[in-house]
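Please model the complete structure; the sequences and the hints are all you need to start from.
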Amino acid sequence: KTVQGQFSTRLPLYPVPELMRLARSFNAMNDRLDEAVRHNVLLESEQAVAVRINARLEDERTAIARELHDELAQGITAVRALAGAIAQRTRDNEQLHGTAQSILAVTGEMQQEVRGILQRLRPSSGLAEALERHLLAWRGRHSGIRLEAELGDLPALDEAQSQALLRLVQEGLTNVVRHADARCVRVRLFCDGSHAIAEVADDGRGLKAARQTAGFGLVGLKERVTCLGGQLVLETPVRGGTLLRATLPLASEPFPQLSLETVSCLP
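Residue numbers (my numbering): 152 to 418.
Hints listed in this document are in silico derivations from the structure and should not be mistaken for laboratory results.
Heads up, the beta-carbon is just placed ideally off N, CA and C, and yes, glycines get one too.
Where hints are given, some of them may not hold.
[What the hints assert, rightly or not] FRET-style restraints, in silico, Cβ to Cβ: (1) D343 - A288: 24 to 34 Å; (2) A288 - D185: 27 to 37 Å; (3) L287 - G226: 24 to 34 Å; (4) E264 - E211: 14 to 24 Å; (5) D185 - S345: 40 to 50 Å; (6) A288 - F341: 16 to 26 Å; (7) L173 - E301: 57 to 67 Å.
Shown next, in the form of structure tokens:
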């Protein structure tokens, strides 16, 4: 039964000392194996729950994005249309015309912010294009921080893996802006032969600051990566700064290499 994976069998404690020691060793081995099986079953159950939770979170992201688009984005568009009409009809009224122009400027900024939020919540394309667009937009918003991107070929990833890598880059870059006080950040996406690896590294204040300010974003990211069989690492490299890395088991087929010459600031 033990050979067949059934570890409930226990031997009687024979009166012969040698047989008694053998029986005790056998029973102790089966106790450990039985406990290991129960632990693995529990772990698999927890991972299945984590997968369902992440799927639900993605559904919620999609629902929120839809509401933002249908309600807030369209409302901003309507306000801009009204402000534009007022601006055209009040050219001879400096005060009203100036107010309308101010409304146009503010709602224009709001429109850009909503578009950025929508893109982060619900990328409308594959990993390659979503990463490229996000990095380009980030560089435009944070010109004071040098961005370097090294994005190579990967085999095909399923949607959950692609989302995890994209979220890592988004979370890493967000933390760089909020906490790192960095001058340069480097984003890498590559394959080591058996895993897809995404990294965000900066030259900022290091791991102590990163840990002190780590919030729900990193906690959720770790859960997402772990339930996909991967690992999430937050550390300080020898050269200093902070490194955030996700390692995921690979799929099989390649997807196109990214073209990010406009993002990379490498010489």
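Verification of the supplied hints:
1. D343 - A288: 24 to 34 Å: 28 Å, holds
2. A288 - D185: 27 to 37 Å: 54 Å, violated
3. L287 - G226: 24 to 34 Å: Taking Cβ atoms as reference, L287 and G226 lie about 27 Å apart, which means the hint holds.
4. E264 - E211: 14 to 24 Å: Holds - the Cβ-Cβ distance for E264 and E211, about 20 Å, lies within 14 to 24 Å.
5. D185 - S345: 40 to 50 Å: 32 Å, violated
6. A288 - F341: 16 to 26 Å: Cβ of A288 to Cβ of F341: about 22 Å, so the range 16 to 26 Å holds.
7. L173 - E301: 57 to 67 Å: This hint holds: roughly 59 Å between Cβ atoms.
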